[in-house]
Every structure is written in structure tokens, then in C-alpha cells.
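Undergrad: Sequence:
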Amino acid sequence: MNVQYISPLSDLEVELRPLFSNEYMLAFFKKFCDAIQSRMWGFKRGRNARYEVGDFLRVFFYSEITGRSIKSASERLNRFYMHKKKGKQRIYADGRKKREIPHQTDVNKYLRKIGYKKARNILRECLFSQIKEALEMNLISRKVNVLIDFTEHPYYGKRDDKLIKGTNRQKGTKKMRHYLGFSILSRGIQLFAGLEQIAKGQSKIPMIIKFLDSVLDLGFELKFVIMDREFYRVELLDEIKGMKGNVLIPAKLYKKIKKIIEEYLKGIGKRVRKYTFSSATEASYRFFQNVYLVLNAKKGHSLLEVKRNFQKGILTLNDASKLIYAIMTTQKPRGKSSSWASRISQFYKKRWNIETGFSDLNRMGRRWKSKYDNTRYLDMLVRMLLYNSWKINGAYLKKCQKKRSKSFEWTLQDNQDAMVEIFFMP
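Here this note's numbering is used: the first residue of the sequence shown is 51, the next is one more, and so on.
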């Protein structure tokens, strides 16, 4: 029996299919092309040049949605368009055949002409455009949570500069590119909103503050900014509090934090404690911020169970302390303290959404090994656009199918397959 390919679009009900039309699905690709062309106004096109800007970007975009190399994408698209064209393919005197799609060498040359700073501006413009679209579609609210985390990509070249850092967490290399990623979380939808490459010795605080300012400029309001302990800076908490947002961050195990954990285990301290977070005493200008510590047990353990086992003598004080960590927040407790602490602890787990998001970006296709920072940055940009497209389309489908008995799960692979299908539509 022959197995016939079923398009993900054919699974949708007739009235929902127009939502996934060519114009709707590839709107962000058009925005991507427009953003690049507007930034490359000084780029001079050769007099006898055969290809337009969109031709180069079409190859690049197709390589991203299919997970193919630039070479494979170029040859595949060229065969497709040559097959559609009537007549014989012209052969030049040196044996080369006339092409309808630029060769991989020309595509790579064009991508390298887009500078790193321009690539950063293009990324910000395109991602913010998607977020505003999600707001207009009423998929997210104006009050958003911001997730911040690092991701690192292995580097296998010979460069030795500030943008290439050392690492012991990658296979086959001791070098990496270090990125600071931003995403927003609202109504259960996570969308990537920013990406910055971090150089050696570069401070992350100005980057974070600048990004949060740009989110506010778009008309959004901050609820929680959720970060890991790498961003443990009181001046950052002070800035976010000034933006009317609250912070969720794990506390470092300093002496005072250890003492609070020990007091809880001994029964002389509560789960939620007020704490004054301050900068180092030797700092030229000291910051102070009143925060609340919420104690939690590590995965696989219960906080009360750890406390009881210590008091029964089953666990030593040292062993019990190792099973407990503290979350720091600038939000004041609301309602019953125990219920509020449980809600805060559960919500903090949303921080892992950005980690799984980075994993999804990596499984979209082959990992680029380009030695050029700008082309690597553009690759990450398109993956983020595709990821956001998947989340927005899935949320839109769910919203439209609420009143229907039949549910349809829109997976990342469905979104990629639909992109390929629509890409070749006239």
C-alpha cells in the first residue's frame, strides 16, 4: 500500500485554512526582507546583476525552514524553478548552466555584507513586529513576564577575540559564542523577543535594562522578570523595581541565606522571610533593596518532608540544607503566606520555558558553524521568527477551535511542514 503524504494544512477545517494562507504564514518573512532592504540602502547592486535582494534571502530562508545547507537549498530551489520554466536551459561556453536562483557562494557573500550591528537592529525590529501582532490578535496581554537566560553555541574556528569565549561544556572544542536571550511570557505563550552576543568582560546589566526599556516603549507593562543566579545584582533589581516590575531570581548561598535555611529546619524560622539585599561593602556606590526569600525543596523532595526528616534525625543539618534553596522576589506576599509562597514557587518554574525554547531552536535544523558573527546572528534570528510563528499559529488555532469538539495539536514539525508547502504556492 502506498503511503500518501498528508499536508498539515489538510488536517485543518475548511474555515480555518485561510488563517494559514501564503500571506498570513509568510508575513514575517516579508517583514524580514523589508527590514534587511531598508538597512542595506547603501548597498550598490551591480549593473549587470541578475538577482534581486529577495532572491538571496529566499534561499537563506528556505534553508532555515527545511534544515538544509545553503548549497542544498540553492540547488533544490534552482531545480524547482528551472522545471517550471518552459524551454531548454541555456549552457554557457565554459559549460556552466544558466540559473534561476543564486548559487550558494553568492548567497553567502550577500549575507556577510549585512553587518553585525545591522543584524541586531533587524532582529529587534522583526521580533517586536511579531510580538505586536500577537497583541493585536489578542493572544497575549499588555502585562507580560520577561524570561532572561544564556545560551552558548560551540565555535570550531581559529579566532581568538572578545566575542569568542572559553568553555568546557561543548564537545570537540574549548571555544563558544555566548548569547543572552530574552523572551516574553503571557497567557501561557512564550515568544522570543531579543538576543545579544556577550563579549569577554562585557556587563549584562546595561543590555537587560535597555531591552526592558524597549518593551515598555512598545506599550507593555512588566509583571515578573525571571532570571537565573548569573544576574544576581542588587542594582539590576533596583532598576526593575523602578520600572514597576517584580523580580524572581534564585538567591546565592551566602552566610545569611544559609542561616535562614538552618533556622527554618530547626523550627525557629518561617518559610517566607524578609531580607535586605545589598551590594558589596567595597562598592563606590551601594544599592539596597528589600526582598522576600521563599524556601523550596529541590526536585523530588518536599520541604516539609526534609524538615521532618532533619528533626527526626534521619538527615543531618548539612544534608538537609543541601536539599533546600531560596528564591528571591521583590513582590510582597499577598493573602495567606503559605499559598502565596506555593504560587511563587510554581511560577518560578516557568523560567525553564526559555531553556526548552533554545532546545527547540537547535532542533529546527543543522547547527551553523559560520566563523562570521553576523551570519550566525541572522541564522538565530530566522529560527526565532519560526519559533514565534509556531507559538502564534498554535495559539490562534486553539482560540478558533474552542467551540469545536475536535481539537488539533499544532506541533513544531507541523508548522515547518506548512511553511515549506506554502513557500512554493504561487
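Hints are supplied without guarantee of correctness; some may be wrong.
As the list claims (entries may be wrong) - Below, computed lysine-lysine pairings styled on DSS-like, alpha-carbon distance capped at 25 angstroms: (1) 273 <-> 250; (2) 250 <-> 324; (3) 302 <-> 400; (4) 362 <-> 309; (5) 308 <-> 372; (6) 167 <-> 208; (7) 362 <-> 400; (8) 148 <-> 121; (9) 302 <-> 348; (10) 121 <-> 208; (11) 448 <-> 399; (12) 193 <-> 215; (13) 250 <-> 167; (14) 254 <-> 309; (15) 193 <-> 448.
Stated by the list, open to error - Pairwise CB distance ranges, derived in the manner of DEER restraints: (16) 288 <-> 366: 46 to 56 angstroms; (17) 80 <-> 450: 21 to 31 angstroms; (18) 409 <-> 222: 11 to 21 angstroms; (19) 355 <-> 386: 15 to 25 angstroms; (20) 309 <-> 84: 28 to 38 angstroms.
Bear in mind the hints are in silico, worked out from the structure with no lab data behind them. The C-beta atom is built at its ideal place from N, Cα and C for all residues, glycine as well.
Undergrad: For residue 308 and residue 372, compute the direct alpha-carbon distance and say whether it is at most 25 angstroms.
TA: Holds: residue 308 and residue 372 sit about 10 angstroms apart, inside 25 angstroms.
Undergrad: Is residue 254 close enough to residue 309, meaning Cα to Cα at most 25 angstroms?
TA: Violated, at about 30 angstroms.
Undergrad: If you draw a straight line from the CA of residue 362 to the CA of residue 309, is it 25 angstroms or shorter?
TA: holds (20 angstroms)
Undergrad: Does residue 324 sit within 25 angstroms of residue 250, going by the straight-line distance between their CA atoms?
TA: violated (35 angstroms)
Undergrad: Please test the hint of 15 to 25 angstroms on the beta carbon pair from residue 355 and residue 386.
TA: holds (21 angstroms)
Undergrad: Are the Cα positions of residue 193 and residue 448 separated by 25 angstroms at most?
TA: holds (21 angstroms)
Undergrad: Starting from the hint 28 to 38 angstroms, judge whether the C-beta atoms of residue 309 and residue 84 obey it.
TA: Once the Cβ atoms are compared, 57 angstroms apart, the range 28 to 38 angstroms for residue 84 and residue 309 is violated.
Undergrad: For the pair supplied as a hint, residue 362 and residue 400, is the alpha-carbon distance within the 25 angstroms limit?
TA: Not satisfied, since the Cα-Cα distance of roughly 34 angstroms exceeds 25 angstroms.
Undergrad: Given the hint that residue 250 pairs with residue 167, test it: the Cα-Cα distance must not exceed 25 angstroms.
TA: The hint holds at about 18 angstroms.
Undergrad: If I claimed the Cβ atoms of residue 409 and residue 222 lie 11 to 21 angstroms apart, would that claim hold in this structure?
TA: The hint (11 to 21 angstroms, Cβ to Cβ) holds, given that residue 409 and residue 222 are roughly 20 angstroms apart.
Undergrad: Holds or violated: residue 448 with residue 399, Cα cutoff 25 angstroms?
TA: Roughly 24 angstroms between the alpha carbons, so the hint for residue 448 and residue 399 holds.
Undergrad: Would you check the hint for residue 121 and residue 208, treating anything up to 25 angstroms between C-alpha atoms as holding?
TA: The given pair, whose Cα atoms are some 23 angstroms apart, holds under the 25 angstroms limit.
In summary, the numbered hints that this structure violates are 1, 2, 7, 12, 14, 16 and 20.
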